[in-house]
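Q: Okay, so the sequence shown: first residue is 1 according to full-length UniProt numbering, each after it adds one.
Possibly wrong hints are sitting among the right ones.
[Stated by the list, open to error] Computed beta-carbon distance windows for the label pairs:
| hint | residue 1 | residue 2 | range |
| --- | --- | --- | --- |
| 1 | I294 | M50 | 20 to 28 Å |
| 2 | V289 | R26 | 29 to 37 Å |
| 3 | Q198 | I118 | 13 to 21 Å |
| 4 | G121 | I166 | 50 to 58 Å |
| 5 | T80 | R26 | 47 to 55 Å |
| 6 | N144 | F69 | 43 to 51 Å |
| 7 | F274 | S199 | 47 to 55 Å |
| 8 | V150 | Q198 | 38 to 46 Å |
Rather than coming from a laboratory, the hints here were simulated on the basis of the structure. By construction, the Cβ of each residue, glycine as well, lies at the ideal position given by its N, Cα and C atoms.
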Amino acid sequence: MTSEVTAKGTGTAGSASGQGASRRRRAPVKRLMAPAVIFLLVWMIVPLGMTIYYSFQNYNLMMPMMRGFAGIGNYAILLTDATFWDALGNTLVLVVACLAVTVGLGLLLALLFNATFIGRGVARTLAISPFFVMPVVTGLIWKNMLFHPVYGLISWAMRSLGLEPIDWLAHHPMLSIIIMISWEWTPFALLILLTGLQSLPEDQIEAVRLDGANRWQEFRHIVIPHLGQVLYVVVMLESIFFLTSFAEIYATTSGGPGTATTNLPYYIYLNAFFQYDIGLSSAAAIGAVILANIFAIFLIRFVAGNLNAGSAR
Numbered sequence: 001m002t003s004e005v006t007a008k009g010t011g012t013a014g015s016a017s018g019q020g021a022s023r024r025r026r027a028p029v030k031r032l033m034a035p036a037v038i039f040l041l042v043w044m045i046v047p048l049g050m051t052i053y054y055s056f057q058n059y060n061l062m063m064p065m066m067r068g069f070a071g072i073g074n075y076a077i078l079l080t081d082a083t084f085w086d087a088l089g090n091t092l093v094l095v096v097a098c099l100a101v102t103v104g105l106g107l108l109l110a111l112l113f114n115a116t117f118i119g120r121g122v123a124r125t126l127a128i129s130p131f132f133v134m135p136v137v138t139g140l141i142w143k144n145m146l147f148h149p150v151y152g153l154i155s156w157a158m159r160s161l162g163l164e165p166i167d168w169l170a171h172h173p174m175l176s177i178i179i180m181i182s183w184e185w186t187p188f189a190l191l192i193l194l195t196g197l198q199s200l201p202e203d204q205i206e207a208v209r210l211d212g213a214n215r216w217q218e219f220r221h222i223v224i225p226h227l228g229q230v231l232y233v234v235v236m237l238e239s240i241f242f243l244t245s246f247a248e249i250y251a252t253t254s255g256g257p258g259t260a261t262t263n264l265p266y267y268i269y270l271n272a273f274f275q276y277d278i279g280l281s282s283a284a285a286i287g288a289v290i291l292a293n294i295f296a297i298f299l300i301r302f303v304a305g306n307l308n309a310g311s312a313r
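Please take these sequences and the hints and turn them into a complete structure.
A: Dropping the structure here:
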């Protein structure tokens with residue numbers, strides 16, 4: 001009995017000393033990480049806190065002496081502002097449409113470039129190159145070189161075919177913005193999905209082919225489940241960038257015609273830098289943050305549900 005108690009005491013002491021040694025080993029790592037963690041927290045929390053503070057203030061830079069507490073007045077104005085609801089709807093349309101185009105086209109291109117053919121390296125480089133073009137430059141290229149109703153390449157091609165040129169930015173503004181942003185971000189989806197495809201073990205493909213599976217069955221039951229986590233990453237990252245799209249709209253349509261292409265970032269810009277209404281623009285920014293979180297939660301559940309269903313099959 002005494003030996004059992006001694007053994008237990010020795011084991012407890014050894015466990016405690018081991019935990020203490022582990023904590024001592026982790027302590028230098030925590031001290032080294034602390035400055036970066038503190039910087040990131042300050043970098044995120046301070047701007048968010050200031051935005052929340054100003055969203056409850058009646059603060060217009062044109063009338064700085066009339067500053068005061070507004071309560072939920074700025075949020076009430078947002079809910080009754082037709083332009084805000086137009087911007088919210090345009091933002092959702094832009095995000096969903098660009099996600100569908102970039103993920104679908106990126107997956108098709110990834111499947112193409114995963115195969116072997118002559119000139120694949122050059123084709124890959126050309127396909128990826130739009131991703132390295134700055135957003136403002138993207139807008140100017142499409143506005144002046146492609147969508148221009150007189151000098152644009154698309155108008156020239158339509159005239160060559162005997163068709164009437166279209167003023168894309170005037171008659172189809174949202175479609176034009178979707179095309180521009182999709183052209184810019186499809187290479188990102190291509191890169192990530194191609195990396196995922198190249199990590200697919202060849203023995204799995206050979207096994208299903210020996211079992212008599214056709215190309216569609218191979219794609220549905222092997223490729224898509226393998227790319228599940230990769231697709232999740234692509235959708236989440238692109239959603240964040242599409243929700244904050246601004247430069248392409250600023251360089252081409254300026255939110256118009258009317259409010260046809262005004263999204264939430266551009267709506268915030270108009271209120272902050274044209275009307276100088278810091279309170280209202282801050283409230284709109286908080287609304288954009290809430291929308292981003294709701295969208296992220298919805299996407300996480302949707303993608304996770306599809307992945308679970310795929311693994312169950």
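Q: With reference to the structure, classify each hint as holding or not holding.
A: Here is what the structure says about each hint:
| no. | hint | result |
| --- | --- | --- |
| 1 | I294 to M50: 20 to 28 Å | holds (23 Å) |
| 2 | V289 to R26: 29 to 37 Å | holds (34 Å) |
| 3 | Q198 to I118: 13 to 21 Å | holds (19 Å) |
| 4 | G121 to I166: 50 to 58 Å | violated (36 Å) |
| 5 | T80 to R26: 47 to 55 Å | holds (53 Å) |
| 6 | N144 to F69: 43 to 51 Å | holds (47 Å) |
| 7 | F274 to S199: 47 to 55 Å | holds (48 Å) |
| 8 | V150 to Q198: 38 to 46 Å | holds (45 Å) |
This entry does not satisfy hint 4, going by the numbered hints stated previously; all others are met.
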